[in-house]
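Following the hints, put chain Z in place on chain B, whose structure we already have.
Below, each chain spelled out in residue letters.
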Amino acid sequence: MSHHAYTWGGITAIVLASTTGDVLLSRAMKQVGDVGQVWRQHGLLKVAGRILRNPNFLLGLTAMAVAFYSLLLALSWADVSLVAPASASLTFVSNAIAANYFLHERVDHFRWVAAILVAGGVILLAA
Amino acid sequence: MTFRKYMVLAGVTIFGAVGDTLLSHGMKEVGPISLHRLPQIFLVILDPWVALGILFLLGFFSAYMVSLSWADLTYVLPATSLGYVVLALIAKFALHEEVSLSRWLGILLISAGVGFVTRGPALTHPPKAEKVNPEPVGSRGRY
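Protein sequences, first through last, are from chains B and Z. Taken in order, the first sequence gives residues 1 to 127; the numbers are from my numbering. Taken in order, the second sequence gives residues 128 to 270; the numbers are from my numbering.
Hint data in this document are derived by calculation from the structure and do not stem from the laboratory. Among these hints, one or two may not hold up.
What the hints assert, rightly or not - Looking from chain Z toward chain B, a few residues come up when the C-beta cut is under 10 Å (computed):
id, residue
1, ARG131
2, VAL171
3, TRP231
4, VAL244
5, THR245
Claimed, not checked - From the derived model, a few chain B residues whose C-beta atoms are all more than 12 Å from chain Z:
id, residue
6, HIS4
7, TRP8
8, THR12
9, LEU16
10, LEU45
11, GLY49
12, ARG53
13, PRO55
To be verified - Derived coverage of chain B by chain Z (criterion: at least 3 residues anywhere in the stretch with Cβ under 8 Å from a Cβ of chain Z; other residues may be distant):
id, segment
14, 29-35
15, 72-81
16, 94-107
The structure displayed is predicted, hence computed values, not measured ones. Where a beta carbon is used, it is the ideal one built from N, C-alpha and C, also for glycine.
This is chain B alone, in the form it adopts within the complex (with noise of 0.2 Å):
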């Protein structure tokens, strides 16, 4: 397998390890409620305990652990200065396309925008 197929399936790994574990943490999050209102009402180890014990966030952190060392094998590989913009800005694309899909979150054409501007202006920097 050349380097170049290495540096691209690592940033491909990155995009979707990294949409799953958003998704499921943000979903996991809102199960647990404003953190800020569970901390006064019951105290740090209710958030704490909450957090831990939600399925989604254990699996969302596994997934995010899976895009970590696949950050750092492809940063072994290629310039972060490609894979870092190139797989934060495909994320901000895959992610809002998940949000939309399975976390229900109204996607309007600002958020589009945004979403759209954001990617274009990473993938700019790095230029």
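For chain Z alone, kept in the frame of chain B given last:
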């Protein structure tokens, strides 16, 4: 959105940007890792730059979890992308690196994106309203 919530978003932004920088510096020191020696990847945390980077990313992760407890994923991600702008500004004014025209254009695009998303509400799908008050058909956008 309260002042405290904006401070949490600022924490996500700054911890993330600094953590990524430290991590990339550390991995440059470690050098390429071969797929045949994959277990090596677990030893990189012994590098002090990588370790410090991980510490900052833990701070990032905590702030990120807190923000996701009261805001949409599609709000938090663009709103905290200002970290890229912060990095470019550090490069320009602290490290005296050359910031090219295309980078300034990138900064402009990201800032515009942040402006777009922060105009709207932070939370569009309150979890408790899910069962009680289902959204009307067609209000979810195209997907």
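The hints, checked one at a time:
1. ARG131: Because about 7 Å separates ARG131 of chain Z from the closest Cβ in chain B, which is inside the 10 Å limit, the hint holds.
2. VAL171: Cβ of VAL171 of chain Z sits 6 Å from chain B, so the hint holds.
3. TRP231: Holds, about 9 Å.
4. VAL244: 4 Å, holds
5. THR245: 9 Å, holds
6. HIS4: Its Cβ never comes within 12 Å of chain Z, the nearest being 14 Å, so this holds.
7. TRP8: 15 Å, holds
8. THR12: Holds: least Cβ distance 16 Å, greater than 12 Å.
9. LEU16: For LEU16 of chain B, whose nearest Cβ neighbour in chain Z is about 16 Å away, the distance exceeds 12 Å, so it holds.
10. LEU45: Holds, since 16 Å exceeds 12 Å.
11. GLY49: Consistent with the label, GLY49 of chain B stays out of reach of chain Z, its closest Cβ about 14 Å off (over 12 Å).
12. ARG53: Holds, since 14 Å exceeds 12 Å.
13. PRO55: Its Cβ never comes within 12 Å of chain Z, the nearest being 15 Å, so this holds.
14. 29-35: Contact hint for the segment 29-35 of chain B vs chain Z: holds, 7 residues under 8 Å.
15. 72-81: holds (count 6)
16. 94-107: holds (count 11)
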